[in-house]
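What follows is the residue order along each chain.
Protein chains: 2
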Amino acid sequence: MTYRVDEAAALLERTPRVLREWFAGLPEEWIRESEGPGTWNAYDVVGHLIHGERTDWIPRAEIILSKGEPQRFTPFDRDAMFAASAGKSLGELLDTFATLRAASVARLRAFALTDADLDRRGIHPEFGPVTLRQHLATWVAHDLTHIAQIARVMAKRYGADVGPWKAYLSVLK
Amino acid sequence: MTYRVDEAAALLERTPRVLREWFAGLPEEWIRESEGPGTWNAYDVVGHLIHGERTDWIPRAEIILSKGEPQRFTPFDRDAMFAASAGKSLGELLDTFATLRAASVARLRAFALTDADLDRRGIHPEFGPVTLRQHLATWVAHDLTHIAQIARVMAKRYGADVGPWKAYLSVLK
Numbered sequence: 020m021t022y023r024v025d026e027a028a029a030l031l032e033r034t035p036r037v038l039r040e041w042f043a044g045l046p047e048e049w050i051r052e053s054e055g056p057g058t059w060n061a062y063d064v065v066g067h068l069i070h071g072e073r074t075d076w077i078p079r080a081e082i083i084l085s086k087g088e089p090q091r092f093t094p095f096d097r098d099a100m101f102a103a104s105a106g107k108s109l110g111e112l113l114d115t116f117a118t119l120r121a122a123s124v125a126r127l128r129a130f131a132l133t134d135a136d137l138d139r140r141g142i143h144p145e146f147g148p149v150t151l152r153q154h155l156a157t158w159v160a161h162d163l164t165h166i167a168q169i170a171r172v173m174a175k176r177y178g179a180d181v182g183p184w185k186a187y188l189s190v191l192k
Numbered sequence: 020m021t022y023r024v025d026e027a028a029a030l031l032e033r034t035p036r037v038l039r040e041w042f043a044g045l046p047e048e049w050i051r052e053s054e055g056p057g058t059w060n061a062y063d064v065v066g067h068l069i070h071g072e073r074t075d076w077i078p079r080a081e082i083i084l085s086k087g088e089p090q091r092f093t094p095f096d097r098d099a100m101f102a103a104s105a106g107k108s109l110g111e112l113l114d115t116f117a118t119l120r121a122a123s124v125a126r127l128r129a130f131a132l133t134d135a136d137l138d139r140r141g142i143h144p145e146f147g148p149v150t151l152r153q154h155l156a157t158w159v160a161h162d163l164t165h166i167a168q169i170a171r172v173m174a175k176r177y178g179a180d181v182g183p184w185k186a187y188l189s190v191l192k
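Residue numbers (the numbering used here), protein chains in the order written: chain A, 20 to 192; chain B, 20 to 192.
Since the hints were made in silico from the structure, they are not lab data.
Be aware that one or more of the hints could be misleading.
Since the list can't tell identical chains apart, any single copy or any two copies may satisfy a pair.
What the hints assert, rightly or not - In silico lysine-lysine, DSSO-like type, Cα no more than 27 Å apart, as pairs:
id, residue 1, residue 2
1, K192, K86
2, K175, K192
3, K185, K175
4, K107, K175
5, K192, K107
6, K86, K175
7, K86, K107
8, K107, K185
Kindly produce the complete structure, drawing on both the sequences and the hints.
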């Protein structure tokens with residue numbers, strides 16, 4: 020296994036800053052671009068990341084670290100951000116995400132996790148037993164999958180405009 | 020066609036800031052992670068983007084906009100950054116990219132391109148005739164393809180650690 024808290028925290032704490040530099044003040048066309056009905060745009064993704072800070076990453080880590088037998092997680096609501104983000108500006112969501120993420124990463128570091136802690140388990144509603152290491156590695160990969168998703172969604176806006184270069188741009192495939 | 024200079028410039032000018040927030044001070048493990056021999060890591064990508072500013076995006080646009088018959092582009096050297104980046108820190112490369120990109124975007128805006136300009140052509144060494152619109156739309160999609168690439172490469176570092184979540188993380192597929 021490769022996961023280490025220090026390198027994971029370094030990447031996690033950067034995500035709000037990356038998204039702020041990318042999205043703040045960007046023309047609405049880019050922010051609202053999606054891959055069609057039922058798919059997410061950049062605004063939706065920030066709301067989804069906020070919901071993860073509130074209900075998934077640290078809360079589930081705390082469930083895993085609680086004493087006694089492995090406990091079952093509450094299922095994650097993938098649509099919760101649609102109601103939670105309603106009426107909020109992208110700038111407000113970026114601020115909220117930055118505040119929550121900073122607190123989450125501080126908490127992660129404060130756990131001072133041992134290898135034995137990383138092997139502790141919780142019960143995922145779908146997967147069954149999962150380790151804290153798997154959960155925390157997923158937190159990092161989940162940030163990265165959404166960064167890649169947004170880059171892909173935005174690139175598709177020019178999918179026709181690029182003409183013959185389409186063959187060389189992996190993000191358009 | 021969707022391409023517009025103003026919205027394209029807004030995204031292009033953000034890329035150096037996004038990469039700086041992401042990479043500056045990040046543990047070396049993330050920066051040097053690649054997908055194996057012959058593939059690029061984050062450091063290589065910044066060098067590649069620098070080479071594009073110097074030899075591709077604005078230089079080819081100027082060839083297309085020059086008077087007379089469409090002219091042939093000089094082939095782009097995909098390996099040039101290995102020599103050009105040698106001995107330079109990632110911080111130096113990020114600074115160089117930021118400086119070059121700012122100048123490129125200023126030049127793009129100063130062209131004050133008309134639709135007729137965007138329909139002008141150059142001769143790509145492989146594709147044959149390409150329009151300025153295609154070339155400039157590719158500049159944007161090219162930034163995004165490399166952002167997605169880096170997110171994918173970094174996520175793969177934890178490809179085994181995430182356990183059963185792998186099935187849900189599109190970036191790991």
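Evaluated hints:
1. K192 to K86: Classified as neither: same-chain Cα gap 47 Å, cross-chain 35 Å, threshold 27 Å.
2. K175 to K192: both (9 Å within a copy, 19 Å between copies)
3. K185 to K175: Answer is both; intra-copy 10 Å and inter-copy 25 Å each pass.
4. K107 to K175: Result: close within a single copy only, 26 Å intra versus 34 Å inter.
5. K192 to K107: neither (33 Å within a copy, 33 Å between copies)
6. K86 to K175: Classified as neither: same-chain Cα gap 48 Å, cross-chain 32 Å, threshold 27 Å.
7. K86 to K107: neither (38 Å within a copy, 50 Å between copies)
8. K107 to K185: neither (36 Å within a copy, 32 Å between copies)
In this structure, the hints that do not hold are numbers 1, 5, 6, 7 and 8, in rising order.
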